[in-house]
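The residues making up each chain are set out below.
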Amino acid sequence: MKTLLISEYRQGKLLESTYELLAFAKRLNAESAMLLIGSEASLPDFGGKVYFAEAGKYGEYNPDAHKRLVMEAAQKEKPDYIVFLHSSYGWDLAPRVAAALKTAQISEIVGVVDGRFEVPACNAKLRRLVAPKISQSILTIQPGAFTYQGEARGTPSLERVDLDASIQRIEFLGYEEAEKKDVDLAKAEIIVSAGRGVGKKENVEVIAGLARVLGGELGATRPVVDAGWVDHSRQVGSSGQTVAPKLYVACGISGSIQHIAGMKKSDFIIAINKDKDAPIGEVANVLAVADVMQLVPALMTRLSK
Amino acid sequence: MKILVCIKHVPDMESRFIVNQAGDWFEERELAFRLNEYDEFAVEEAVRLKEKLGGAADITILSIGPDRVVEAIKKGLAMGGDRGVHIKDDLVYQKDPWQVASAIAAFARDKNFDLVFTGMQSQDRGSAQVGADAAELLDYACVTTLVNIEISGDVVTARRELEGGMRGIVRFKLPAVVTCQMGLNTPRYPTLPNIMKAKQKELLTFPVADFLKVDSLVVIEKMYPPEKKGRGQVLEGDVNELADKLAAILKEKVPALR
Ligand SMILES: Cc1cc2nc3c(=O)[nH]c(=O)nc-3n(C[C@H](O)[C@H](O)[C@H](O)COP(=O)(O)OP(=O)(O)OC[C@H]3O[C@@H](n4cnc5c(N)ncnc54)[C@H](O)[C@@H]3O)c2cc1C
Ligand SMILES: Nc1ncnc2c1ncn2[C@@H]1O[C@H](COP(=O)(O)O)[C@@H](O)[C@H]1O
Chain A
1 MKTLLISEYR QGKLLESTYE LLAFAKRLNA ESAMLLIGSE ASLPDFGGKV YFAEAGKYGE
61 YNPDAHKRLV MEAAQKEKPD YIVFLHSSYG WDLAPRVAAA LKTAQISEIV GVVDGRFEVP
121 ACNAKLRRLV APKISQSILT IQPGAFTYQG EARGTPSLER VDLDASIQRI EFLGYEEAEK
181 KDVDLAKAEI IVSAGRGVGK KENVEVIAGL ARVLGGELGA TRPVVDAGWV DHSRQVGSSG
241 QTVAPKLYVA CGISGSIQHI AGMKKSDFII AINKDKDAPI GEVANVLAVA DVMQLVPALM
301 TRLSK
Chain B
306 MKILVCIKHV PDMESRFIVN QAGDWFEERE LAFRLNEYDE FAVEEAVRLK EKLGGAADIT
366 ILSIGPDRVV EAIKKGLAMG GDRGVHIKDD LVYQKDPWQV ASAIAAFARD KNFDLVFTGM
426 QSQDRGSAQV GADAAELLDY ACVTTLVNIE ISGDVVTARR ELEGGMRGIV RFKLPAVVTC
486 QMGLNTPRYP TLPNIMKAKQ KELLTFPVAD FLKVDSLVVI EKMYPPEKKG RGQVLEGDVN
546 ELADKLAAIL KEKVPALR
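Protein chains in written order, with the working numbering: chain A, 1 to 305; chain B, 306 to 563.
Keep in mind that the hints were calculated from the coordinates and are not lab data.
Built from N, CA and C at the ideal position, the CB exists for glycine as well.
Hints may contain errors.
What the hints assert, rightly or not - Just so you have them, the derived chain A footprint on chain B, three or more residues with Cβ under 8 Å: (1) 345 to 358; (2) 398 to 407; (3) 447 to 456; (4) 498 to 507; (5) 540 to 546.
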């Protein structure tokens with residue numbers, strides 16, 4: 001079995017997440033080749049074949065050209081699977097390639113069971129086992145689901161891929177960095193986070209109060225930040241900060257994949273949720289099934305004594 | 306400007322899900338359904354655009370699915386859509402994203418939409434494919450994970466979200482498909498008069514066979530709940546007892562409390 005792994009490259013550098021693709025190929029027991037649209041100054045530590053195109057020529061983000069480059073590499077390699085990360089680069093590019101090749105795509109793979117692929121559904125409350133009906137299909141893997149063990153080694157042999165004509169329907173104007181953070185949650189030993197389950201902005205103060213009593217920092221989920229209840233610098237998750245405190249208390253947080261990606265390395269996780277099935281329970285050491293706005297005040301009276 | 310907004314009707318994620326008899330989906334009876342969260346941002350953005358254009362836009366709200374999806378279409382109309390299109394398919398859950406996108410593209414093909422809004426992903430299946438697939442089929446420009454959009458004439462400047470809160474700024478021309486990310490805007494609540502008005506708006510219904518001409522490319526083998534890892538302890542019962550137990554755990558873990 002052969003895989004073509006589509007590496008990730010941004011701001012002049014190969015992204016570490018590229019190695020997750022190798023871990024996935026290993027999990028499949030597949031041979032792998034890569035495609036890198038990047039620069040020779042930042043090649044992967046990988047001893048196999050790398051189809052290579054210059055980001056200087058094709059851009060770091062130019063999906064119409066990148067789609068064609070993936071198709072070029074696929075035509076040469078004839079892989080069984082073309083594999084992307086389920087990332088802002090991968091979920092953007094993968095379906096374009098799938099639709100252009102009229103092939104199947106399976107997104108957000110978290111596991112492999114007898115050659116079929118396990119994907120989450122309904123905010124990770126369910127799983128589905130799916131398989132493509134045709135060969136040379138497209139897969140995107142969940143970041144963090146497959147981790148590379150050991151140190152990557154090797155020097156790739158490059159084979160250039162090129163397009164006759166450059167296409168650029170979408171002009172890339174540049175990156176805009178996330179706002180500067182005034183709190184560095186990554187350094188906090190204790191984080192108490194508020195999710196949408198706290199109900200309203202005023203209630204966030206109660207959760208912040210618990211954080212203070214515990215000597216920790218307040219964190220939050222994305223919808224709480226988007227609603228303006230908590231500042232963006234305190235958002236935990238794939239589009240916010242990645243944290244690994246000694247203690248993480250999740251208040252009214254369902255436990256979406258993107259939130260869990262940012263806090264699953266915490267040493268000890270306590271979740272307070274009225275829904276016993278909430279997926280946060282999968283990573284929590286303790287799940288207290290309760291109304292967070294009843295339990296937290298009751299807890300505070302016991303802690304301040 | 307002609308605008309199409311594609312929306313999905315999905316179960317409330319706080320529901321208790323039970324796998325169906327066939328083992329390929331969940332039991333839909335007893336569940337409360339709502340407008341897919343990401344699609345709410347899509348509808349809102351379309352309506353804001355129309356407002357900005359002083360009303361010089363026409364918004365079609367489209368959903369594929371069983372009769373219940375009309376509820377989501379009505380919400381879209383109450384938020385400011387002009388016309389609803391229900392493509393009726395009782396077995397939409399068995400269709401893969403490619404088929405859904407093909408049906409959307411077949412509907413849209415001869416209608417010259419300038420801008421198509423979709424959500425970045427559906428909450429029940431979350432494939433993040435339908436929008437980009439449809440763009441490819443229509444040969445439209447496509448920008449995914451939209452968090453900001455400005456339109457002047459037929460030139461669009463947009464920001465798409467990358468990891469860690471970074472954004473990429475892009476510029477492109479209409480016609481285009483954009484897939485909307487959470488936080489793009491704050492969706493409005495439909496007012497009662499607008500809910501009443503929505504009832505008078507045009508609602509077209511078509512059988513899915515009119516637009517769906519392709520087979521699925523993916524086989525769904527089964528659906529099942531995740532394996533319980535059994536790592537965690539689940540505390541249930543009276544709030545005061547729970548507070549006692551949690552306080553004891555916290556006192557053990559937290560130096561500041563000792
Ligand atoms: C590309 C992308 C990036 C993303 N990045 C992030 C990210 O960085 N961080 C992030 O957090 N999310 C991120 N998200 C969003 C993510 O998918 C979820 O939508 C989000 O994490 C949900 O937040 P929540 O748990 O607060 O809300 P919900 O999912 O709505 O959950 C609320 C929870 O509160 C519980 N609850 C309700 N009322 C009560 C009560 N009274 N007492 C106790 N419990 C109650 C409910 O049972 C539910 O489990 C991202 C999404 C995408 C697509
Ligand atoms: N059955 C459907 N009817 C209309 N639009 C849909 C349907 N399914 C998905 N979409 C649109 O496609 C987006 C992405 O869906 P998905 O690829 O399933 O994650 C959704 O946010 C909707 O905008």
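Hints and how they fare:
no.: 1; hint: 345 to 358; result: violated (count 0)
no.: 2; hint: 398 to 407; result: holds (count 4)
no.: 3; hint: 447 to 456; result: holds (count 4)
no.: 4; hint: 498 to 507; result: violated (count 0)
no.: 5; hint: 540 to 546; result: holds (count 4)
In summary, the structure is inconsistent with hints 1 and 4 from the numbered list given earlier, while agreeing with the others.
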